[in-house]
Each structure stands twice: as C-alpha cells, then as structure tokens.
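Undergrad: Here the protein sequences come in this chain order: V and L.
Straight run, no breaks: the first sequence in this note's numbering ends on number 349.
Straight run, no breaks: the second sequence in this note's numbering ends on number 349.
Fair warning: there could be bad hints in the mix.
Unchecked claim - To give an idea of the interface, some chain L residues facing chain V are shown, with a C-beta separation under 8 Å as derived from the structure:
1) Ile74
2) Pro77
3) Ala78
4) Glu85
5) Leu193
6) Gln197
7) Gly204
8) Ala213
9) Leu327
10) Ala330
11) Pro331
12) Phe332
No wet-lab data here; the hints were simulated from the structure.
Cβ atoms here follow ideal geometry from the backbone N, Cα and C, with glycine treated the same way.
Protein chains: 2
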Amino acid sequence: MTNNQPLAPLWTQWREQVDQRLEILLPASDCEPCELHQAMRYASIGAGKRYRAALVYASGRALGTDERALDIPACALELIHAFSLIHDDLPAMDDDDLRRGKPSCHRAFNEATAILAGDALQTLAFEALCTYSATGLPPARQLQMVQILAHAAGSLGLAGGQAIDLDLVACDAPVDTLATMHRKKTGALIEAAVQLGALTATGDPVVLQQLAGYARPLGLAFQVVDDILDGTADTATLGKLAGADRLKGKPTFLSALGESASRHYAQALGDEAIAALEHAPFNSTLLIALVRFTIERSH
Amino acid sequence: MTNNQPLAPLWTQWREQVDQRLEILLPASDCEPCELHQAMRYASIGAGKRYRAALVYASGRALGTDERALDIPACALELIHAFSLIHDDLPAMDDDDLRRGKPSCHRAFNEATAILAGDALQTLAFEALCTYSATGLPPARQLQMVQILAHAAGSLGLAGGQAIDLDLVACDAPVDTLATMHRKKTGALIEAAVQLGALTATGDPVVLQQLAGYARPLGLAFQVVDDILDGTADTATLGKLAGADRLKGKPTFLSALGESASRHYAQALGDEAIAALEHAPFNSTLLIALVRFTIERSH
C-alpha cells in the first residue's frame, strides 16, 4: 500500500510534480509581457517547501485519488501561496529582501512588476482549477474547490490575516490574538489544501468535517514552529532573514510563550490533529506523517 | 419589450442593483479586520460608471436572462475592475491620488491596506461567481464564467496590459502597440463582461463568438475615448486627474493620432461593433445603445 511509504521520498516526488506542472501552467519567459512572466516564474517555480502541495497530495491519496490528478489543486495552492509571499514581502508590507534563499521578487525585478506578478499568480490559481478535468470530477465539485480556495485567500482568510498581522507590530498581543491572526494568515490556506485534496475524491461532508478537525490545529502548529524557527534557526537554513520578527517588533508565539512552552504548544496541537483522524474511514498514514514533519522540521 | 427602453434609466437602475448587491457581498465595515473591509467598500461601492456591469446586464438581457440573475456576474466584473484600479493607482504603479472623485484607496487608507484590499476584492469576485445560483445555471457554465474572468484578469489580460503600459512611459509607441496593450488592459475585461452576461443564458459557441466580435472593437473604442477625455475634459468631470497621461509622458491614441483622427477611429470601431451584431438571433437594441454611449460619453 503506497500510503505506507515513508514521507520523504514521496515529498521529493511531489515537489518535482508541482514544478513540472507549474512549468506548463505558467506562460513562458519569452511570452509578452516577458518581465511579468519571468517574475511570476521566479517567484513560483523551483523553490519552497511545497508544504501546502504536500497536504493536497496526502489528503487526496488518503481518500484514494490518483497522484497525477492531484497536481493541479496542489499547484493552485502553491500559486496562491507564492502570490501572498510576493505581496507580503513588498516595502509597504513586511519589506523583506530575501525569500526562499534568493532576493524577494520586488528586489529581483521591481515593485510594480512584483505587485502585478502576485495579482496574476492569484488569478492563475483559479483559472487552473477551472480547467482541471483530469479526474472527471463533477463540475459542481470543481466549483466548490474554487470557492473554498477563494474564501481562504480573501479578507476573512489570508488577506485578512496579513492585515491583522500588520496592525500587531510593536504590541504585546496575547496568545489568543496571535492564534486568531494565524488561523487566517496561515491556517486558512492549510485547511483549504486538505479540503481540496479530499474534494478530488469525495464531497461527503462527514469526511470533510473530520479533515477540517485535523487541518485546523495542524495549521496553527505549523505557525508556532515557524515562530520558533524564526527566532532560533539561521538565515541560510531558513532561506529568509532569521530573527526578522524580533527585529520588526512583531509579537510571536516565541516572544509570548518562550521556546519551551512554544514547543509544548506545537506538540499539543500536533496531537490534536492526529486525534481528529481517529477511526477515520481512510488510510491516514501520510497525514499523520505530515504532522510529525510539521512539528520536527528545521526550516 | 423591455429591451427597447432607453438606456439611461436602465443604467441608473443597474448602478443601484450593483451597489445593493455589493453591500451584501462585502463583509461589513465593523467586521474584523475592519480597516481592510472599510477600504474594500470604499473602493468598490457607490462610485464608478459601472460600464462593465452595464455590459453584463445588456448582454444577458439581449439573450433573455432575468435582470436579477445578472447582479452577481455584474458585481464580479466590478470587483475585478475596482481591484485593478486600486493597484494601478499605487505609488509603484501610476501613482494617482484621485479616483472616482475622491482620494485613491492608498491615500484614503495606506499602501499596505490598499494592496490587500485589491487582493481581497479580486478573490471575492471569484468566490461570488461560485456561490451564484440564482438562475439555476449548470455548474459547468458557472465554471466557464470563472475561467473566462480569471483569464481576462491575468497575465495575458488585465495584469499583462498594465505591465506593458508601465513599460511604455516616455516612448513613442505606434498605434498598433497601443491597441495591443489596451486590448489586454481594458479590452479583456470588457470582452469578459459581454461573455459572462451571455453565459447566464446560453453556452452556444456561435452566439458567444458573435458577441466577441462585438466586444473586441467596443473595448478598444472605449479606450480611445478614454484617451481623448483625459486630454480634453477637466478633472471635476472625470473624477480623476485630467491630463495625467500627458503629465506622465504616456503615449495615448490622442498623442499618436490627434483629436480628430482619434474621434474618427473611435467611431469606426463603434461601427465595427454594431456591424458584428447584424443578423443576431437576439434583440441587440441595448448592446447597440451601449456603443453609442461609449463613443459619445463625456466622462
């Protein structure tokens, strides 16, 4: 049973699949307007953990979807993620010069191109989901996928979380506020990834609900670990400036709880995610392995 | 026959319908994050010609769709348009302080909020189209609407056109280059508006093709008139800074052709749009009236 394969080699394969599919989905570098397409490709192909893609693959495989049929939803998640990183890095936002081990998009190109590249990557995610017909999915299910992804990216999800985050600079936010902010900023897309993977196989609300119970604490655990790594790992390992949160006076789980309590918190959230899969009517091996990766990752 | 009503009172009614529906679609001003939702509402409700919405209504009515069933696609077009105006006005792009007779979004709020408000308005357009079930449309048709709108907004449409436009500053672009740029920047959304209106009634490729033949010259005519107005009308009438193109050294149809030839060009494009509707198997009265408005408008 392929679901009992160890996670690491599968993940490597998923990363390759995502890059291969993005190569096709994105207009070529010499397609007009060339600089815009170069910027879109620069910011989305060949880098990144592909964590959100991995969640799509793991969730879809758990429910029996063929691997290749998961490429498009996995890419849609990564396109939205890439778009959000480009815009978050802009001078008017987090003003970050380094991303995924190379200059951020507006540093490698320019601000206007970076704004437009982000805009167009977002659009492309929705366009890709519409033309997705690999599994012979009913159109109503595809529409549900677009709707979930659009909602997750919008003002009540990702964009809203980033707006709250910008407001939190230099204040002592309680852990509850941080959790609410990250539930939107990071969690919404992680929850959407798990839902989209599942929707390639089923529209059963019971299964979708159980997976939401898994994805919600997992998303928060991911962010808690992100905060720990920002304060404890080095820039080369992270591929972005280490300690950036502290430098900007941003409240984090690390600053609010300290390292030890943060690690315990992440562990407890991971346990909650795994517990949500108990008695699942599907093979949840990969989803559980992803929880372990989330807690133990070093970048 | 309602399609023989004069355009002006209908258009007033359409504007009200769009605003009423946007009031519901957009999260309330006191919904967290409040400033983001205020910025989204500021930039999208209660202002603008609603030209793209009018095209949706006129096209849908021509094919017999009930008025109320056109509100959501009309709003989706206006949400994408509002998003693109917010981002176009940013300091890194066109750096415009005035829009629709009031401070542009980043002036009324701040740059970060404006970027996020644009992002979230784009997302909302797609989300709205997914949840749109007023007419009992087949989901496959809805998916086609999302796909057309996403493509029109993306790097081969609106975003691509804006990228080309930014590159054209201070050069003597030939009329062909201007037409190519505007075909993407303005035309793509105008073409999408007509297609979405039609798709509420039919998926017949012959009808959609005939309407594309109408929308393509119409979109270009709209932009030619825009260029003429920018150079000849005053700021109060336009609701944005008059003469902005000349001040920025942007090539326009007016600068390339002069006023008289530009007016003739707009008229010829309008004639081409009307000719495309000949022998149409539907009542094209409103669509023809829209061509006249496009050529004769004063703002």
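Undergrad: Leu327 (chain L) was flagged as interface toward chain V. Is the shortest Cβ-Cβ separation under 8 Å?
TA: violated (28 Å)
Undergrad: A closest beta-carbon separation below 8 Å is what the hint needs, so does Ala330 (chain L) meet it against chain V?
TA: With a minimum Cβ separation of about 28 Å from chain V (threshold 8 Å), the hint on Ala330 (chain L) is violated.
Undergrad: Would the stated hint for Glu85 (chain L) survive a check requiring a Cβ distance to chain V of less than 8 Å?
TA: Constraint on Glu85 (chain L) satisfied, holds at 7 Å.
Undergrad: Minimum Cβ distance from Phe332 (chain L) to chain V below 8 Å?
TA: Where the cut-off is 8 Å and the nearest Cβ of chain V is about 26 Å from Phe332 (chain L), the hint is violated.
Undergrad: Answer holds if the nearest beta-carbon of chain V is closer than 8 Å to that of Ala213 (chain L); otherwise answer violated.
TA: At about 4 Å, which falls below the 8 Å cut-off, the nearest Cβ of chain V leaves the hint on Ala213 (chain L) intact, so it holds.
Undergrad: Taking 8 Å as the limit, does the beta-carbon of Ile74 (chain L) come near enough to a beta-carbon in chain V?
TA: With Cβ-Cβ at 15 Å, over 8 Å, it is violated.
Undergrad: For the restraint on Gln197 (chain L), tell me whether the closest CB of chain V is nearer than 8 Å.
TA: Holds. Min distance 4 Å.
Undergrad: Holds or violated: is there a CB of chain V closer than 8 Å to the CB of Leu193 (chain L)?
TA: Leu193 (chain L) check passes; min Cβ-Cβ to chain V is 5 Å, inside 8 Å.
Undergrad: Can the hint on Pro331 (chain L) be confirmed by a CB-to-CB distance to chain V that is less than 8 Å?
TA: Cβ of Pro331 (chain L) sits 27 Å from chain V, so the hint is violated.
Undergrad: Quick check on Ala78 (chain L) please, does its C-beta sit within 8 Å of some C-beta on chain V?
TA: violated (11 Å)
Undergrad: For the hint on Gly204 (chain L), just tell me whether its beta-carbon gets within less than 8 Å of chain V.
TA: Given a least distance of 4 Å, the restraint on Gly204 (chain L) holds.
Undergrad: Hint Pro77 (chain L) vs chain V: min CB-CB distance below 8 Å?
TA: Pro77 (chain L) check passes; min Cβ-Cβ to chain V is 6 Å, inside 8 Å.
Taken one by one, the earlier hints fail for this structure at numbers 1, 3, 9, 10, 11 and 12, listed in ascending order.
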